[in-house]
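Chain residues, written in single-letter form:
2 protein chains.
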Amino acid sequence: MESSNSKNHNGNGIVISQEEKEKRKKKEELWKKQRYICQVKKIDLKTGKNIVVLNEQDAKENDIYAGYRVNLKHKERELVAIVDVSSEMVGKGEIGVFSDVASKLHAETDDLIQIVHMEKPLGIEFIKRKLDGESLTSTQITTIIQELMRNQLSEIELASFISGVYTRGIGEDETIALTEAIVDSGERLELGVGPVADKHCIGGVAGNRTTMVVVPIVAAAGIYIPKSSSRAITSAAGTADSMEVLADVNFNIAELKEITLKAHGAMIWGGGMNIAAADDKLIKIRHPLSLDPRGMLLASILAKKSAVGAKYVAIDIPIGRGAKILDMPKAEALGGDFIHIGKRLGMTIESLITDGSEPVGNGIGCGLECRDVIEVLQGGGPSDLRNKSALLAGRLLELVGKVGEGEGRDVAELMLRNGKAWGKMAEIIELQGGNPKVKADDLPIGQYKHTVTSSRGGKISHIDNKGINKIARIAGAPQDKGAGVFLHRVKGDRVKEGDVLFDIYAESETKLEFALKAVDVWQPVELEKFLLGTMR
Amino acid sequence: MESSNSKNHNGNGIVISQEEKEKRKKKEELWKKQRYICQVKKIDLKTGKNIVVLNEQDAKENDIYAGYRVNLKHKERELVAIVDVSSEMVGKGEIGVFSDVASKLHAETDDLIQIVHMEKPLGIEFIKRKLDGESLTSTQITTIIQELMRNQLSEIELASFISGVYTRGIGEDETIALTEAIVDSGERLELGVGPVADKHCIGGVAGNRTTMVVVPIVAAAGIYIPKSSSRAITSAAGTADSMEVLADVNFNIAELKEITLKAHGAMIWGGGMNIAAADDKLIKIRHPLSLDPRGMLLASILAKKSAVGAKYVAIDIPIGRGAKILDMPKAEALGGDFIHIGKRLGMTIESLITDGSEPVGNGIGCGLECRDVIEVLQGGGPSDLRNKSALLAGRLLELVGKVGEGEGRDVAELMLRNGKAWGKMAEIIELQGGNPKVKADDLPIGQYKHTVTSSRGGKISHIDNKGINKIARIAGAPQDKGAGVFLHRVKGDRVKEGDVLFDIYAESETKLEFALKAVDVWQPVELEKFLLGTMR
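Respectively, the protein sequence lines represent chains A and B.
In terms of our numbering, the first sequence has 446 at position 446, counting the first letter as 1, and numbering is strictly consecutive.
In terms of our numbering, the second sequence has 388 at position 388, counting the first letter as 1, and numbering is strictly consecutive.
Treat each hint with caution, since some may be false.
Which copy is meant is left open, because identical chains are indistinguishable; a pair holds if it fits in one copy or across any two.
[To be verified] Subject to a maximum C-alpha distance of 25 Å in a straight line, what follows is the list of computed DSS-like cross-link-like pairs (lysine-lysine):
{"#": "1", "residue 1": "K75", "residue 2": "K420"}
{"#": "2", "residue 1": "K49", "residue 2": "K459"}
{"#": "3", "residue 1": "K262", "residue 2": "K439"}
{"#": "4", "residue 1": "K449", "residue 2": "K60"}
{"#": "5", "residue 1": "K92", "residue 2": "K459"}
{"#": "6", "residue 1": "K26", "residue 2": "K466"}
{"#": "7", "residue 1": "K491", "residue 2": "K23"}
{"#": "8", "residue 1": "K330", "residue 2": "K73"}
{"#": "9", "residue 1": "K324", "residue 2": "K128"}
{"#": "10", "residue 1": "K257", "residue 2": "K437"}
{"#": "11", "residue 1": "K41", "residue 2": "K402"}
{"#": "12", "residue 1": "K257", "residue 2": "K459"}
{"#": "13", "residue 1": "K262", "residue 2": "K420"}
{"#": "14", "residue 1": "K496", "residue 2": "K49"}
{"#": "15", "residue 1": "K41", "residue 2": "K60"}
{"#": "16", "residue 1": "K324", "residue 2": "K120"}
{"#": "17", "residue 1": "K128", "residue 2": "K284"}
{"#": "18", "residue 1": "K49", "residue 2": "K281"}
{"#": "19", "residue 1": "K128", "residue 2": "K281"}
{"#": "20", "residue 1": "K25", "residue 2": "K466"}
{"#": "21", "residue 1": "K60", "residue 2": "K49"}
{"#": "22", "residue 1": "K517", "residue 2": "K23"}
{"#": "23", "residue 1": "K49", "residue 2": "K284"}
{"#": "24", "residue 1": "K517", "residue 2": "K529"}
{"#": "25", "residue 1": "K104", "residue 2": "K459"}
{"#": "26", "residue 1": "K128", "residue 2": "K466"}
{"#": "27", "residue 1": "K437", "residue 2": "K73"}
Derived by calculation from the structure, the hints in this document are not laboratory data.
In isolation and in its complexed conformation, chain A is listed as follows (with noise of 0.2 Å):
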């Protein structure tokens, strides 16, 4: 249903009067003979954009500005690059080329290049549009994602656009629009059969490694779940990190299909395929300020699992204290956009609103979780991650119907002890290249450790997600896979003074020093206050 759906959107191209057409047709062959040509002086440095620098004299002459956007002609070759400005970089008649461009365009030094100037961009209209609190229309947005992809946008540019949804909100109609684009952006997974389900939690409660839980249960149900996870960025470990302890999460689309359609599971990182591919570049420009609008978060989530042709989709969304989301009623308007876009999307949605005011698991980090994942799988490991997985894993083999209502718990639950979830685990880890005989003690642990104890008695009364992530990160975590923390308590423990509350980790001592210090900064571990503050 969705690639009908995006075809609509796709092929008719900017709907733009005959006269207007005419206007940028002669527009359009005037610069063509604008041109100028430069020599090129190639600079050995790779940059990862297509830019260009002209000659501060040149460019002013030619009525061309740092941001502009020019179009490189050399032989065959052509290509769309932003300019900057320098007098110093390159003298006059020379343009410089870094070695990203230069490449591309088969350039050297010396070599002759043709400029030619180009009409802005139709994003930057519709962008202004957006912030000027206008609805835009499919088209629209198809164009500026388009325009994303190609670079002609500057980061300028698309941090007004972000603004700009941030501010004045999208609809419906144009959160669907956003999603089939980014879809369209990327490659897609076909794998031809089914059903096909996918999970995805919201973020921001450590150690939560229910997916590795899931994909294995799931998959051994038969329903088919080829998961691609992220790193971290600012948490201990992502899913990508925590499975590339067990197994390589490296892969294509295409061999993420064939894992898939062999085990019905697969845990890859996302990052490695090319997946919904504007929605990596709209999360580099989201991330300096943190701007989640709503319907770009929707957007970015549905159109992942779109793109890997899943129909059955169970999302976490965890809330309370230390949680991304703070309330029930914030969590139930998210929940419940997600399953009413999701459903014009072609998927069957269940968004469910769990307790997310304290890491799950003991381990936060990535050694530590495949320890508690990989006993999870073998029938013990700690309740809370166990409970949730189970839960979450029931939901979706409810969803698929391959399991009656209010069954799929008892039936996941069974999958942990009878072995099937961890024979299914070990035959992924295999297809993924690692070791199926894994053990959860064979597992690197960083070999210096420290025990933080309580200095006085109490209650916990709060475990705190975001100063866990930073001292595991601290100790090394996501990259020193040994690197991390071990909660001996949960919420609500009564501890003695000199009670063990967590060990750290490190595979250095130095950071396992730093770690010492970051307790001492964040103090994740609260104990219950009776007197809250004193006035007289």
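Since the structure of chain A is already known, use the hints to place chain B on it.
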């Protein structure tokens, strides 16, 4: 008055709780210890920004990402730089240092540099609050502008700030805080004498070179008018571009003071001085989307006036088809804001709403405009330029109290007739290093000329500012001082087929050819149409 006000904002710093302060201090100490040392790989390029390139693996291990800020230390020197990350440009343990940063740090290849994590700039939080619709305090706005000046905010963050101000608006107090922060970001002109007057035009009208007539009249009347102007961005000429035909315009603030104290007036390029420095940086971000949020436009203009000590200011707001502001209600709202905000900044402002629906003067382009100006100053010249300039100069004289209400225009016209205005202009030209004996006929006019005639008879209903500017620019303006358009007609003239409409001048045959093609695209002179559409 401004300077005492602005001290209130600056000295105080940010008000944060004692607890937060201690947490910050602890974090800072932790970061300081968590440094790493890299070996310099000098990259022989100027970028104009403080950017360093870290090895991708190193960066990850140290929890640093592209766009993060780090503090660099090399011997006694320190510098804040923005991080770029690459796996190809630099190897492990290396830091790529562009020549801007290398020279500031006195660092050479193989030197060791210490990298220290930094807290996020405070402004990021305030920008987010603006996007959320909050009003910012003057301290918060000052912080954003100070961090902007220290290059601590990225283009993404600044574009989000501009977008926030654009979509959410800023109130009166915020506008005043922004104006004062912009004034404080640069130097000030302190003449020590008075009264000091100034003028400003919102722009958009081709050939509107009134400044070059108003300044000599006002200065001749004994009023100080240290006028700094901009160069053209998208128009055929800015006042600085045109004045440059007659004299030098590159002066620093000390030189501006000297010229103004001698001649009462000066006409220089604002970019050569360091006044209202933050404004240039903001304009660079506003330019790609042409975002001119009202409060920011007011702050931008009033900061420049305040920084040169102007107490009496005339603001020219041209309106009509083809002008920047389309109708009277918008012009009145803007004009009222100028008066009101100006008053709170200690300025007496008159906003003059003028007809901006067609070009002013005959010449469009630097040399051609100077011809008009000299002719007007010598008692002749095009009547529209003459009348508008006399009106503006007259109002300024009344505003300062030099002449009685309603007498200004007559006095201004007298100054044009009795040669005092031209005498003052000659004095200013001489002080700015030009030839005071210059004649209109001496001025360089492009040797390649084409005369455009009317293809049919009728009444001229519109002469389009944008089209005329575009043709003049393609002919070479403002770089080629002799390039431009000379209008033979004004709106309302009746022409026959074959009658001359305008001449195009260029300094090269190729540019003239392009300009002719541009005439065909933009068709800047419209004849009255009776049939606007037909239906049946």
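Here is what the structure says about each hint:
no.	hint	in the structure
1	K75 to K420	neither (60 Å within a copy, 62 Å between copies)
2	K49 to K459	neither (54 Å within a copy, 52 Å between copies)
3	K262 to K439	within (23 Å within a copy, 88 Å between copies)
4	K449 to K60	between (62 Å within a copy, 22 Å between copies)
5	K92 to K459	neither (73 Å within a copy, 47 Å between copies)
6	K26 to K466	between (57 Å within a copy, 17 Å between copies)
7	K491 to K23	between (68 Å within a copy, 24 Å between copies)
8	K330 to K73	neither (52 Å within a copy, 45 Å between copies)
9	K324 to K128	between (30 Å within a copy, 16 Å between copies)
10	K257 to K437	within (24 Å within a copy, 82 Å between copies)
11	K41 to K402	neither (63 Å within a copy, 60 Å between copies)
12	K257 to K459	neither (49 Å within a copy, 71 Å between copies)
13	K262 to K420	within (16 Å within a copy, 94 Å between copies)
14	K496 to K49	neither (57 Å within a copy, 55 Å between copies)
15	K41 to K60	within (19 Å within a copy, 33 Å between copies)
16	K324 to K120	between (38 Å within a copy, 20 Å between copies)
17	K128 to K284	both (21 Å within a copy, 16 Å between copies)
18	K49 to K281	both (12 Å within a copy, 23 Å between copies)
19	K128 to K281	both (20 Å within a copy, 20 Å between copies)
20	K25 to K466	between (55 Å within a copy, 18 Å between copies)
21	K60 to K49	both (23 Å within a copy, 21 Å between copies)
22	K517 to K23	between (66 Å within a copy, 12 Å between copies)
23	K49 to K284	both (14 Å within a copy, 20 Å between copies)
24	K517 to K529	within (23 Å within a copy, 79 Å between copies)
25	K104 to K459	neither (63 Å within a copy, 54 Å between copies)
26	K128 to K466	between (36 Å within a copy, 20 Å between copies)
27	K437 to K73	neither (56 Å within a copy, 49 Å between copies)
The earlier numbered hints that this structure contradicts are 1, 2, 5, 8, 11, 12, 14, 25 and 27.
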